[in-house]
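A.B. asks: Chain by chain, the residues:
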Amino acid sequence: MNETEFSLLNILIAVIGGAIRVGTPFLFVSLGECLTERSGRINLGLEGTLMMGAMTGYGASYLSGSPWLGVMAAGMTGVILGGVHALLCQQQKVNDIAVGIALMLLGTGLAFFLGKPLIQPTAAHLPALHLGSWSDSPVIQAALDINVLFVMGALLAPAMAWFFRYSRWGLYVRTVGESADAARAMGLNVNRVRMYSTMAGGFLAGVGGSFLSLYYPGGWSEGLSSGQGLMAVALVIFARWNPVYCLYASLLFGAAATLGPTLQSIGMTWGYYLFHAAPYVLTLIIMITTSSSTRLLSGMPGQLSNVK
Amino acid sequence: MTIPDKYALEALHINKRFGALIALNDVSLHLEKSTFHALLGENGAGKSTLVKCIMGYYAPDSGELMIEGKQHDISNPRHAHQLGLGMVYQHFTLIPNMTVMENLVLSRPHLPIKIDWRAERKSLQERIAQLPFQFQLDIPVSRMAAGEKQKLEITKQLLLNSKILILDEPTSVLTPVEADEVLGKLHALTQEGALSVLIITHKFREVMTFADEVTVLRKGNCVGTATVKNVDTQQLAKMMVGTEFVKKTLHRQPSLAQEARLEIHNLKVNDDTQAQAVNNLSLTVHSGEIVGIAGVSGNGQRELVEALSGQRCTSGGEIRAHKQPYQGRREDMRKSHFYCLPEEPLRNACVPAMSIAENMVFRNFDHLPFTRYRWLLDRRAMLHHARELISQYKIRTPGPHVPIATLSGGNVQRAVLARELENEVDILVVANPCFGLDFSAVAEIHDKIMQVRNRGGAVLLVSEDLDEILELSDRLMVMSGGKLVYETIPAQADLATIGRYMAGQ
Ligand SMILES: Nc1ncnc2c1ncn2[C@@H]1O[C@H](COP(=O)(O)OP(=O)(O)OP(=O)(O)O)[C@@H](O)[C@H]1O
Ligand SMILES: [Mg+2]
Chain A
1 MNETEFSLLN ILIAVIGGAI RVGTPFLFVS LGECLTERSG RINLGLEGTL
51 MMGAMTGYGA SYLSGSPWLG VMAAGMTGVI LGGVHALLCQ QQKVNDIAVG
101 IALMLLGTGL AFFLGKPLIQ PTAAHLPALH LGSWSDSPVI QAALDINVLF
151 VMGALLAPAM AWFFRYSRWG LYVRTVGESA DAARAMGLNV NRVRMYSTMA
201 GGFLAGVGGS FLSLYYPGGW SEGLSSGQGL MAVALVIFAR WNPVYCLYAS
251 LLFGAAATLG PTLQSIGMTW GYYLFHAAPY VLTLIIMITT SSSTRLLSGM
301 PGQLSNVK
Chain B
1001 MTIPDKYALE ALHINKRFGA LIALNDVSLH LEKSTFHALL GENGAGKSTL
1051 VKCIMGYYAP DSGELMIEGK QHDISNPRHA HQLGLGMVYQ HFTLIPNMTV
1101 MENLVLSRPH LPIKIDWRAE RKSLQERIAQ LPFQFQLDIP VSRMAAGEKQ
1151 KLEITKQLLL NSKILILDEP TSVLTPVEAD EVLGKLHALT QEGALSVLII
1201 THKFREVMTF ADEVTVLRKG NCVGTATVKN VDTQQLAKMM VGTEFVKKTL
1251 HRQPSLAQEA RLEIHNLKVN DDTQAQAVNN LSLTVHSGEI VGIAGVSGNG
1301 QRELVEALSG QRCTSGGEIR AHKQPYQGRR EDMRKSHFYC LPEEPLRNAC
1351 VPAMSIAENM VFRNFDHLPF TRYRWLLDRR AMLHHARELI SQYKIRTPGP
1401 HVPIATLSGG NVQRAVLARE LENEVDILVV ANPCFGLDFS AVAEIHDKIM
1451 QVRNRGGAVL LVSEDLDEIL ELSDRLMVMS GGKLVYETIP AQADLATIGR
1501 YMAGQ
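Protein sequences appear in the order of chains A and B.
Take the first sequence: its letters are residues 1 to 308, numbered as in my numbering.
Take the second sequence: its letters are residues 1001 to 1505, numbered as in my numbering.
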């Protein structure tokens, strides 16, 4: 191997490229969760949505030959699962968290079951933008293949921040999330706003799932997700319920997750498992450092603190 | 025939039941145009229920609503807004994490798809300038004091061009000076003919000073309407309770041997932002005395009470009860017979969604007679116990099994007090015990507190109501900036001096 491949710059670029690749599903799921939580509901079922999205996306792409149809199918699956979550949660004495966990198990289980025939065939993958063509190093070229979905997600983050701040619907979502009583006094239909937010959040999580199967790691298998759907919940807290911060946080998580494989690819085998655990460790550290027994998190939607 | 639009609002023969409880029984109310109309009644009389029926927040079982002489079925608050009705609820409906401007814009009925904040700011500034209260538009509501929030609630309704403004106990969170300012300005608006006001209050002073007419409810029935000029407070009191009301003078027994019951040494407590709220505070309360702490809210009183009731960690100093170290744990409280009525009891001392019976055994559900083998709960004993306290403290409710959150404000206060005073009390900490209570309940609760003292209990009374402190306490102190800055006894108290210390000079 020649010297340059070991250079820090290469590692850096590889990590950045990896952060984008691994971070994209984080980005979509966390944006979806962010939207749902801003409306005052927690959807822990997004891990299941992610898997169902990955499976249906892959299936639809395989059957139709168009990866974009796959993305849409994944999104619609998410909408349905989000709708189910919202419907269940608006019943009396039903707890968000419990429904979320049930839907997570249901989603993953259903995806494994229905996805059995999809393990063999290969479906059309999503296209990438080759931003690395200026370099003749294959490492860099591979690292800088940026997927179109990532670009969309990266644009969606500021768009969602704009939505919360400048649009009527964004303001309604925030109101419902901050104080259901105030929203009711205004005459808003709290359950309906939450239903739409959860469905839209599910759509995004489904799209995140399609990225897993249609781009990276690609293909359909039961080990496709490594808990991104759950970690996204921690990520939203870390990002203080701000969509733009969700983008940064996703990249950070992506980078943490890509550290292990990158170091391995340049021949470093020491601490392999340790680095693979990096995103989980990061999640734990974040949860511990940001929590406090004496004060509420800034930016936290008011209704989240009193989940039924 | 009456002139069709003499009345801005008429509620005719309204009936409303909650389960077995008849909250409103054939109640009628006529609000004349451009007048200031007060609605009086004991706690649980149905005042809030009546105005919520008018606003479409509750659906009345039967009855009619007329606005400007036309009949309307109001199905939800938004519909009421369209008809020119605005309401300031008993609990704030502002959104704490949003700014003043966001809150005001949000309440507009027809928001554009895209909000142009710059234009909104300009038009708000122009319109607020014409209204009585002024605000900084960019601070979050959570950082505003209670009085400011109340003004903002009212401004929010005025900006909606409400022709009829309904206010549910708007002054219970205000100081007398603030209350006069707010009510005075609303009164002026009614005189200009721009507004009709229906206001719920427990304070006779406000009724006599500002209202033109007054309607009285008693236990869900309408007792009558009177012109304020023609009645005095005695008559109003009689209408409210049904019998002649004689205020018992509090009987203060000379106290016997005084031993220190509650000792606080150099206590330091932080608030939610980790800033020091209680600052090296030292204080001793003896058996058989009431120590009153006066002060403007937000000077560390809340943190002090929370530290005493074990709801907040201290960051320094020491608390002793019966000369033993006290840390606010369940066992500590039980051993030293320590009881507490914090402010806003529904939030600070209850689980709103749990039943009254469950809330009433929080102190002793794990002891006989409410437990079997210290492991299982005896529901029957709990319900029986609750029924007894409900009748003893005259709590108005359909029964012990309903969630405590459905009680009227005053009845929550009574329910918690019933729980806290049920057993032998050696140390009692009370904070603003009479917020939102009607006059007979106030007298009753003052009497109960005095009885605790006369039986040899040590009472620490923290209150924003100086009159209450002057009436009840044996010694009084002023709290300002987290410290006790002044001490005197009520007999020698000079209001001007106390006022100066309260203002932090
Ligand atoms: N949602 C509800 N479910 C059951 N009972 C209720 C409900 N709301 C009110 N009540 C009961 O109706 C009665 C009237 O309550 P309301 O809140 O109108 O009293 P109020 O006159 O406003 O008293 P306060 O001065 O204490 O605020 C009370 O006994 C209360 O327990
Ligand atoms: Mg009331």
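No wet-lab data here; the hints were simulated from the structure.
Since we're looking at a predicted model, the values are computed, not measured.
In this text, a Cβ means the ideal position worked out from N, Cα and C, and glycines have one as well.
A hint or two may mislead.
Here are a few chain A residues that face chain B, going by a calculated C-beta distance under 10 angstroms [what the hints assert, rightly or not]: (1) Tyr62; (2) Leu63; (3) Gly65; (4) Arg174; (5) Glu178; (6) Met186; (7) Asn191.
A.B. asks: Each of the hints needs a verdict: does it hold here or not?
C.D. replies: Verification of the hints:
1. Tyr62: Violated. Min distance 39 angstroms.
2. Leu63: Status violated, d = 37 angstroms.
3. Gly65: violated, 37 angstroms
4. Arg174: Nearest chain B Cβ about 7 angstroms off; hint holds.
5. Glu178: Because about 4 angstroms separates A/Glu178 from the closest Cβ in chain B, which is inside the 10 angstroms limit, the hint holds.
6. Met186: holds, 6 angstroms
7. Asn191: violated, 14 angstroms
The structure shown violates the earlier hints numbered 1, 2, 3 and 7.
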